[in-house]
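S.K.: Each chain, written out:
Protein chains: 2
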Amino acid sequence: MPNQPQSNYFISLDEAKEITQSIKIPIKEEIITIENAHNRILSQDIFSKVNDPPFDNSSMDGYAVIYSDTIQATNNNPIELKIIDTIAAGTTSKNKLQSGFASKIMTGAPIPKGADSIIMVEKTEKKGQIVKLFHPSFQNYIRFKGENISKDQLILQKGTILTPRHIGLLATSGHSKISVFKKLKITIISTGDELISPGKKLSPGQIYESNSYVLEGLVKDTFHFPIRVDVVQDSIKQLKTQLDKATLNSDLIITSGGVSMGDFDIVRNIMESDGEILFWRIKIKPGSPPLFGKWNGKPIFGLPGNPASSFVVFKILIEPWLKSITHSFNNNKIIKAKLLEDIKSKADFQIFNRVYVENNGHEMVAFTKTHQGSGNINSLTTSNGLTLLPPGVGGAKNEIIDILLI
Amino acid sequence: MPNQPQSNYFISLDEAKEITQSIKIPIKEEIITIENAHNRILSQDIFSKVNDPPFDNSSMDGYAVIYSDTIQATNNNPIELKIIDTIAAGTTSKNKLQSGFASKIMTGAPIPKGADSIIMVEKTEKKGQIVKLFHPSFQNYIRFKGENISKDQLILQKGTILTPRHIGLLATSGHSKISVFKKLKITIISTGDELISPGKKLSPGQIYESNSYVLEGLVKDTFHFPIRVDVVQDSIKQLKTQLDKATLNSDLIITSGGVSMGDFDIVRNIMESDGEILFWRIKIKPGSPPLFGKWNGKPIFGLPGNPASSFVVFKILIEPWLKSITHSFNNNKIIKAKLLEDIKSKADFQIFNRVYVENNGHEMVAFTKTHQGSGNINSLTTSNGLTLLPPGVGGAKNEIIDILLI
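If you read the sequences in order, they're chains F and H. When you read off a place in the first sequence, starting at 1, and then add 161, the result is the number in the working numbering. When you read off a place in the second sequence, starting at 1, and then add 161, the result is the number in the working numbering.
Among the clues, some could well be false.
Because identical chains share one entry, a pair is satisfied inside a single copy or across any pair of copies.
Within a straight-line C-alpha distance of at most 27 Å, the following computed DSSO-like cross-link-like pairs (lysine-lysine) qualify [unchecked claim]:
no.	residue 1	residue 2
1	K306	K499
2	K459	K287
3	K361	K255
4	K530	K484
5	K185	K401
6	K530	K312
7	K189	K444
I should point out that these hints are in silico values taken from the structure, not numbers from a laboratory. No experiment lies behind these values; they were computed from the predicted model shown.
Next comes chain F alone, as it looks inside the complex (with noise of 0.2 Å):
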């Protein structure tokens, strides 16, 4: 037994949530330009600079005319207006509609004075300078200023992760320049006598090192910069040498291995001796050996070395705590489907069976398509989501739960 608390010893998820919560990353700002703002964290909310649009202005291309001229205007009885003037998008116009006149306005082009309603070109005949009118005009072809957005609205919440269509929010709204957050650098450290890297040959005993690989990947996802060291064979010393460097090189480390019961679990072993554990072992399956604590001041969580348990706590508890560092949140990752299958509860313990969710046409459906030892990699590369049940409840066939798709 460690020489943590008995009480942090095997806790529910819930508990290792909130231990986490408690500790806090400073993380730091930086200004970068829209071009290189995709899938950056915004550090302060936004407020636009402008309205959108910022003038009223056409949503066809037509001409710009006064309603009640056109309200008689048939197939049969067109109505005739005279063309004073025509507004490309970009430009203005200094006239001021009268009755009886029409200004010929492209999509986008700003209203001119006195106008009230767009006709669009499609039911026009142009002659000269005279337009035929075939339909009245329509009041609502007109975008109004600020219909969209208002000048100083709130259009995007601090912790916000930028996709494309908020780009273009920022760009729409004025900013060229915004403050996100700066990445969190993250070393991923993987232990263990028996791992080899890939490309080598394996000698008997041995298997290849692919923890540290899925780790960058989803330290990249949650769009943090990975610094992934070369294996740590299970020796104490070289741990703690590269355990020191992580220290000065990065704000948070996650090891994988070694953390469990055996006599080599190095990392159990130093964070005993020199480290300071805030838990060890969570009630969750696959993944309950995980180790939370810090070295040297700095965060570390402990990862199971079977790769299903390792992504599984990445996944439900290490990437829920970077979304709270940077205030995001995720808004459609936990969907709704039917198991088509049941899935065995374990007293107090949250299963999180890898499934396959379809939509196959009238519902979501959710199976699994491999076994689910915690050592077997491919049920994850088969499957794209995770369940979630409640601690101790296990899912019946054709029972609707939640899914977290990853």
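Given the coordinates of chain F, assemble chain H onto it according to the supplied hints.
M.R.: Positioned in the frame of chain F, the structure of chain H alone reads:
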């Protein structure tokens, strides 16, 4: 009316998709290391180089034993076995286990010859070289050679977009380098005299240009390489220069603006005079004006200038087409959700309303948050889905429909 066949004017989305599918872009391959494989696209099927696991191994820290030795073990009547060795992960045992003996074994270490089961350390007590078992051993704590993946098994298909867990599978199966598709170079050109780059001062009649930023990001989200060109004012000469440059520099050209019925719609004008138009206008809302064709032999999409329109056309037409070029698929982007409001139909048109989808605890529901004007970029940033409805069909309140997550 432009100079393309009448039959390709104002066509259905399905017809537009068929026409785009008939145009193939040549795409090259390159070899990369798995460290650089995040979000790259496999250009060849991948087969495992090894069995996973490569050997029978223990899924627990404990003792490898012979099951028949342990059947009688209980808390009150423990069985005693003599420990002959310790097998760490990464090592192998030369001993063959005999009845009455046990090998101490760590998670992931190879099962010694003669053993057929594992007792976890928690159910034992060690005294010197003797271990007491308080429970029969477990045969299912052995992970068998190849139980996850067999050597030479097809593990990932050509076209797979490599997420972190796919990269982990590549590592596990012994691949340090893989063949991926080279990113397509895609030039993005916004047109319009009214467009000013964000950060500058707006004059009357002007708006900030945003589409090129959105399209740049959408190209990044499809894992290709965008080349964003500064706004082309509504000058045919300048547009021709940029298009000619783009044909030399890139595999595909995407323009925005200038494809409608206006006098200054220069993309349509130049394509009519000097390009090859394969279709113009699609029966979708928003986004009906797009044009598709070739400029100097390179495919070109002329998207509408309205931000909601250009976004929707990219997501429903260009993105699926780009995916088809790399043989890629998406498996969890179209979900089912209940509409909380009616969606109006329009004869023959497919309606892509921007909706907010949420899991309300009982079911997935979808509703609009803003007006659906095609000029309203805010309708995109306050949404996370697009309604997918058949041509000519609207949606009724409480109906369950398909939603494309965006």
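S.K.: Hints the structure violates: just list their numbers, smallest first.
M.R.: 1, 2 and 7
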